Amino acid sequence: MTKTKKDKTVAPERQVLAALLSREAKGIRTASRLTALSALLWVPQAALVASVFSRLLTGAGGVSVLVGSLGFLALAALRLALSYLAEGLLFRAGQSIVTHTRQEILDREAKSVGPSAFGGPGALAALACEKLDALLPYITRYAPAQARVKTVPLVILALAFWHSWAVGVVLLIAGPLIPVFMALVGYAAKEASERQMSEIGTLNDLLVDRLAALADMRLLGATPRVIAQFETAANDLRARTMAVLRVAFLSSTVLELFAALGVAMVAVWVGFSLLGELSWGAYGAGLTPWAGMFLLLLSPDYFQPLRDLSAAWHDKAAGLAVAKDLSAWQGATSTPLLGTGAVTGPLPGPVQITLAGVSAKRGPRLITYPDLTIAPGARIALSGPSGAGKTTLLRLIAGLEHPASGKITVAGQPLNAESADAWRARLGWMPQAPMFLGRSLRHNITFGAALTSDVIATAALEDVLETLPKGDLTLLGETGGGLSGGEARRVMLARALAAHPDVVLADEPTADLDRDTADRITEGLMALAARGATLIVATHDPVLIARMDQVVDIQPEDRPLDAEATQ
Amino acid sequence: MTALWRIFTLMVKGETKSLLRGLLLSTLVLMMGAALLGLSGWFITAASAAGLIGAGAVFDVFRPSAMVRFLAIGRTATRYGERILTHDATLRALTRLRVALLSRVAARSYDRLIRLRGAQALNRIVADVDALDGVPLRLFLPLIAGAVTQIVACAMIAWLVDPRVGLAIFGLFTIGGAGVLVWGLRRAQTPSRRMEAAAQAFRSRLIDLITGREDLAVYGQLTTQTEITRTAELRRQSAATDTDHLERQIGAALMAVSALAGGAALWIGGHLAEMGEISPARAAIGFFAALALMETLAPLRRAVAEIGRMIGAARRVSEQLGHEVASAAQPVPEGPADLVFSGVSFARNAGTRRVIDGFDLTVAPGEWVALKGPSGVGKTTVLLLGAGALSPLEGQVRLCGQPVTQCSPGSVTLVGQRASLLRGTVAENLRIVAPEADDDALWAALAVVALDDVVRDKGGLSMQLGPRGAGLSGGEARRLVLARAVLRKPLVLLLDEPTEGLDHATSLKVLAGIRAALPNTGVLMAAHRAEEQGASDRILTLG
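Here the protein sequences line up with chains A and B, keeping their order.
Letter by letter, the first sequence follows residues 1 to 567 of the UniProt record's numbering.
Letter by letter, the second sequence follows residues 1 to 543 of the UniProt record's numbering.
Everything labelled a hint here was simulated from the structure, so no lab data went into it.
Take these hints with a grain of salt, some might be off.
If you want the ones that stay clear, here's a sample from chain A, every Cβ over 12 Å from chain B, calculated [as the list claims (entries may be wrong)]: (1) G88; (2) W162; (3) A404.
Here's a subset of chain B near chain A, in silico, CB distances under 8 Å, partners left out [stated by the list, open to error]: (4) A49; (5) I53; (6) G501; (7) H504.
Here are some of the chain B residues that sit facing chain A, going by a computed Cβ distance under 7 Å [stated by the list, open to error]: (8) S48; (9) F59; (10) V99; (11) R203; (12) L222; (13) Q406; (14) P409.
Treat the numbers as computed from the prediction; the structure is a model and nothing was measured.
Every residue, glycine too, gets a C-beta built ideally from N, C-alpha and C.
Generate coordinates for the entire structure from the input sequences, incorporating the hints supplied.
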């Protein structure tokens, strides 16, 4: 097909934009035609008004004031109805495109794991929220303005030439200059919009990061500096926004100037002709008062669609900038999650875990893991230096990461997209860095189920709940702000307990804790083990290691190592 | 509306001059527009009248046509100036609002600050402030400029055409415009507030989803979180549809008002001309000016559609700004930098068990004091009290004889248990406390905590750290945070289990390094490790 060949030369953002618009092409086309029709109704309105004045001046022909006024109003009502209809169609089309794209982002991000190459949560949220909203003006304004430009000026130009070649020539010369100029401005506008868009994302990411650290910045006495940095960034964004606006305003000013000069020239020529001072430019008996007034009323509307298009040109630039971001997001590789992350019935059978020839990519390195069989109820410590791949192994077992090679078997089934959700229904998970949803503490532990006293007791949460302002209904910061490190870990333990897991995966559960708190966590894990759960714990803590049945040493070298038993 | 007006005056306060100039220019633009069309209409009609009676030669064409050209070009230039002035002033005012909001958030009590949800605060500072740009640009400035223009136009048309035409145009525009405004205000608030609330919920939930997706996946909650995020979007969508519906109705009503004004001007003026009371040329002035005056109503459409969003944002923002920031910190007086706790008591919530009761301690310059005791006995609380992050229920904490809460920030520095690093380079993380420090000073601070080799291996001071210090191991992050505190050169350094996660040799090196780097700094630390207790001059057991 020739089309695919052609596509290669088109910039990716244009392809993205075209693909987006094609979803609602029909609605947009119909609406565009309606707006053009509504704009063209000005022609009979102008003719009526000219008739009224012509009759007032000459005392003959034309229409009476009453008929003219009523006709003017009737046509205005018709225009109003048409544009009301067209705007509705355009809004629905735009809304559908934006919503669909937003869902697409939501769905893909919900099925990915690991950091995105596109940016942090702030940047992704900015793309899915305000940036996508910037597509709406493009969709609702640009296409209809284009349709009007293709019809309205041509009709008015024909009418102008019909009555006076001079007016026709003035319009013909002034009109096409506008798109030429706009094309030049368009490039500058697009560049400025892109810079502004990237600045918005950067500012949001900066804010999310700094807001999370504000409490610590206070203790460091660095708050004024953080605020000053933000002020600088915010001022940069303001300057970029102003740069975009300046281009936009300048171009619309130039346009307006062309339009104003064109109209003024028509007005002056019409005035002189009517006075009889000029005898060229019209045909036959010269210009009638009716034709003079008619032409004057029409000429601003000759330029109006061009001005609308130029205004929409900046919407297009913004739309292209968003599309560029979107295509960057589409192009950013993301690791898909195994399964969907939904609640499902647990995988049946004893929870034996087997690793055979498993290796994983971690940046440029390939980590090779020892072949391993973990029996149900085993207590395994993964030890080894930082960066050896302990966390990655836990993530592999949880189905959060794909092995580069080898096979992981869980409960007698290969760990794959089909089995992952059911497998995870049997897991408890304690990440090293606790994360909290913007909901109550209780919801963060049980995800909507009742919080039992057994869970509270085993995780030693009583005193934590007692000191929080609203107990288990307290809203916490994203990283567990409001809790100490040990308390946040105990909440993670409680969350694992509440899931009644058969296998618990814990990443450094006692790191950075004092012995006392570490012991409480250890006891909680042991309580889980006593209920028959398999424990797989990545840890450096000798006390915790001592409570395990088996230590698997993970070494950073990419060669297989033997599992060694210590007990 | 009162919330909007308050925000408007707040925005005006910093940018009075440019906004006033902008207002003047936008009024001028509207007036010039009306004058231009009115004059053109008069010119054509009068010229054809003169042509018809053969008086073309005596008709003064030069002054009107020069005036038409002047108005056409002048209006264009004025509009450019007006747009630049008002937008720049508005953006400046918004930036100031953002910075003020962040300052207020940062000035919250430590207790509230640690429970701060970034996404929510982000909504305030980004989305809410963004929503406020319409307050001057699309609401108050056009409203004032439009009203002034209407009054002037009414007087001019009454003088040049006929009072009846002037009053008809003025009445239709003002009554119609005000009617649409009031009607829209009443109906638009709910859907646009719903829309904004849903959009913010979507944003918060999406950020939660992305940051927590792995935990959510393991616990089978990912699809649920996706669904509630989607629900927020659906709610936004339905509210947006309502808002659009209303916006279009308002647009149609405003168009109807304009058409009625034009029709009325044509009918009354034309009728008067038919009766011979005024000339057709004067009737044309009224009609053409009415066409131009449509411009005074145009901005109201978006203003009304956005009004609910603006009011909600204005309420939230002014509520935030309403919290007065505590008086500025005072410089620490000269003299020995003793940190003194005298009779300090503290309870997490009023009425609950006291964590600390009647605590006395003096930390002298250069002295190292270790606090030990079982977990939960209040070691961290003592440190937070010492840093002025918590206020004691009874008693006082003073530095150099002055309440520690009033000391300039950083004179007492606390390094908490959880390392909080920023996204950015190692150098940026260090310079956050010492903006003027040169690279040598940064390397020296890293050497103090035995981190210089690690940083050199990982790419030097320009090594990029991910969110929350990702890229460094736990122990390395811990040492970087300590290096930052050292660079701060505090009078008193409070450390919460500073060597947790470090091996024996490194712990000793780090503690000795800090002591050598800050010989005159008093150190109070919550210590449970032998290395930490061994490095101290005295040990205080709590509980």
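Name the hints, by number, that the structure is in violation of. Result: hints 1, 5, 7, 13 break, sorted rising.
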